[in-house]
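Using the hints provided, position chains B and C with the ligands relative to the given structure of chain A.
Residue numbers (my numbering), protein chains in the order written: chain A, 153 to 501; chain B, 51 to 334; chain C, 23 to 344.
Hints are computed from structural coordinates only; laboratory data are not their basis. Just so we're clear, the structure is a prediction, and the values are computed from it rather than from any experiment. All the given hints hold, so there is nothing to weed out.
Calculated cross-link-like contacts (lysine to aspartate or glutamate; reagent style EDC-like; alpha-carbon spacing at most 20 Å):
no., chain 1, residue 1, chain 2, residue 2
1, C, Lys153, A, Asp487
2, C, Lys29, A, Glu330
3, C, Lys147, A, Asp487
4, B, Lys77, B, Glu121
5, B, Lys143, C, Glu252
6, C, Lys306, A, Asp353
7, C, Lys147, A, Asp491
8, C, Lys153, A, Asp491
One letter stands for each residue in the lines below.
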Amino acid sequence: MTSNLFRQILQRPTGVLCAALLAVLYLIAIFAAVISPYAPSDQNLAKTYHPPTGLVWHDGRLCVRVYKLVDPTEALYRAEPDRLAPVHFWAKSAPYKLWGFIPMEHRLFGVDSAERIYLLGSDSTGRDVFSRLLYGSQVSLSIGLIGIFITTVIGVTVGGLSGYFGGPLDNVTMRLTELLMAVPDLYLIIALRAALSAYFDSGQIFLLIVGILSFIGWSGTARVIRGLTLSLRNRPFIHAAEALGQTPFVILWKHLFPNLLGYLIVTSTLSIPGYILGEAALSFLGIGIQEPSTSWGLMLSQAQDMKVFMLNFWWLLTPGLAIFVTVILFNALGDVLRDIVDPKLKTQV
Amino acid sequence: MCATPLLEVRNLAIDFGRGENATHAVKGISFTIADGETVAVVGESGSGKSVTALSLTRLLPTPPARYVGGEILFNGRNTLTLSGDELRPMRGKQIAYIFQEPGTSLNPVFTIEFQIAEAIRLHRPEVKDVRGEVVRALDLVGIRDPEKRLGDYPHQLSGGMQQRVMIAMALACHPKLLVADEPTTALDVTIQKQIMDLLRELKGRLGMSIMLITHNFGIVADIADRVVVMFRGHIVEEGKTADVLRNPQHPYTRALIDCVPRLGQKQRRLKAIDHAEIEALLKP
Amino acid sequence: MKTYIFKRLLTMIPMLLGVTFLVFLLMSLSPGDFLTPIKAQRDISAEYIRQLEAEFGLNRPWYVQYFLWLKNLLHLDFGYSWTYKIPVVQLLAQRAPCTLLLSITSLIFSWAVAIPLGVLAAVYKGSIFDKISAFLAYTTLSVPGFFLALVAVYFAARTGWFPTGGLTSIDHDYLSFPERILDYAHHLFLPTLILGIGGIAGLMRIMRTSTLDVIHADYVMTARAKGLGERAILFRHVLRNAINPLVTTLGFAFSGLLSGALLVENVMNYPGLGQLVYQAFLRKDQFVVLGAVVLGSVMLIVGNLLADLLLAWTDPRIRYDK
Ligand SMILES: Nc1ncnc2c1ncn2[C@@H]1O[C@H](COP(=O)(O)OP(=O)(O)OP(=O)(O)O)[C@@H](O)[C@H]1O
Ligand SMILES: [Mg+2]
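Looking at chain A on its own, in the form it has when it is part of the complex (with noise of 0.2 Å):
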């Protein structure tokens, strides 16, 4: 079934474009401490708001210019006309971690340590954009996959559960769902945020987040998992494997679940956007990852500051359109896949 479907999926021309494109985006967050030049902490309070440093060709080389700070108070740089950095590629670093436990001295490509290469400029603290780009994608290519993990589980569990047998725990379970329904996420969110963030530090907080956001996600997947398990309960295929003897989670397991993976994948895919953008909503706020960690949405509430608009630091809402490209890239890939598994879909999902 899956590799039918990813057969399938490589069919069609959007279809290898978004998972290519994924694939590239996934690879770029499992590097990221390699290929970025800095690490995400890395601060330099004399660059700060650096813009983008222009790359030249000379000698036979790639080469960064170098840029003098004119006008502090604007943070207004300017190249000097004839000061370039060598861009070294494999350029020896500070030690650091890949992984966090394989050390390196090693990054893809840097500069002299005197001079910055800044390809999206730097932050109000002179930290490089694009390397906290790279770093921030850890956190919103993963939150998506691990959110999803969990809801399914939970709910296809309990959904499975309570549509199978029906009776006393239906009814406390769909109670429950429609509880935590009938409060607006956000609001939920931050109600929960406040109750459990006494027990999480903030290495921690993405853990929690995840589980925030699953507990909100779980009581959907659940319900419509109730319901395709009810429509199914009464199918022939599932009274023979009782008639068998097979126990409910036997019977969950190996003749209720293949029939809904097909829904499970399409809705999965489609959902990832939501936890994407529900971390980046969270940091943004505030109340998701925290400094000095880094993720997208953390990146953009710095640009919040009237002064980045003001004095056009354009470079600093570069995170919103990381999150953009990603969230159309998982949308796309969700449409396609409904399109494989059931077109008919199309007006339910």
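Quick look at chains B and C with the ligands alone, frame taken from chain A:
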């Protein structure tokens, strides 16, 4: 048939789609309907009856439909060449329709008063008391207590009642020609009889022409002056009802007549007909 | 119908009990209590604090507190805001109408755009227009709402055409009545636009599909056979049927709208419930958070009820009283 007929169809040909995949739904048919005359169009499913009926006021969606040839003269005017603005006043006012499925042919979100009044306001702007006219139309088709039914929505009525409403709507503007496309196929047998009796009575009272489409020769014998038999987009036989019934010329007609359901039986589709044989007869 | 509404209102009671219980439980999980912030304030006497503790039962287990809070709630006493120094009810009464207003204007805006676009996309299916509108729908679905809000603030600041926040100008009280209305409209314009845009894409898609479903229905042929013009057919007979699925989504829409409003209000500095709850959260003004969450839920539940009633009104086949 001395004066010009009300409706004259000449060599009408209609395709669906283009090129190699085109279906030739109607392949050059000609027939006439005189003033006050009832003509039954009979033929198996897919023979092109509905397509012919809808084409009279160019109701077929184009594309996929395409009028490839012929003319449709209504009161001497060719509806195939009229503009949309000239055609619209004819629809409903001159030629009105009743369709097969009253349940889906009435708009579910409007009251029956609204739907009938809409036609009256459109074609008879001189009418002051529209509601009174709606009541009269409902009364005409034998709906009891029409005032009480005005605010009803279609789903609140039975199938037979819905078809009566459709007829009332069609007749509200006193059309010259009523096209009834299998008006009873979707109804119970007892209701079928009521509706056909109603149509016969109204025909006598209002003196309009009727083009009645049906599968059922039993109905034909009851009401039609003349019969047109269609097969795969052709007219294979045409004549006075009595003549055709008594002495069918074409084997297909004979097969159709043999299929007349006995009372109390549901209508049966025509499976027993040997198409190859008839097709062979059609070849010139 | 009346009995149905009555029944629905009755089922709201356990629902609201559940919501308050859930939220209260969450709040009591967080360390400290409602009085922690004021205990730090010097100008409040220990006596007063003790009195408050007794009133809200803070020295007793949390479920006792919950019932005390509920009891107070029955007299519309939501507690006291320590940061604003006024009863929470007053705060909610100020803020909730603003959020309601913003939600309604954006709802109207998104419907007013989505319906004609969806119908046209269906009528001209496969045309350039259809493709462009589908593409635009895609794009708006993928832009974070708060980012748009950010850009809107920037736009307002740069051009000066719109205020950068608030619901009224400073001199609002001195304006004549029509000027006041204009003042509101001027302030509401950008927030409405931003909050509404997010909804357009989804609505348009639904409208397009449902129009396509309806456009070949038998009753459309009946309407055409009657001699109606294409416009009357489309905007009377087709639209009134195609809109029903849209009305069904209204119930869900409120949830998204209230959440969306929270973001937009905070970015665009709009004095609504969402801004209130967020700032109260930051300042640990817990009674305010509690009250706002409960009120938000009430608005959502009532909104769902209204959506169901509206559906019964637009689609006569739906009857709740049986
Ligand atoms: N919208 C359409 N698209 C393509 N072909 C069509 C369409 N409508 C009708 N046709 C073709 O036209 C032929 C005649 O159809 P028509 O509906 O006139 O049959 P009919 O005699 O009314 O049958 P029935 O008794 O089932 O109503 C059919 O064989 C069908 O293939
Ligand atoms: Mg037909």
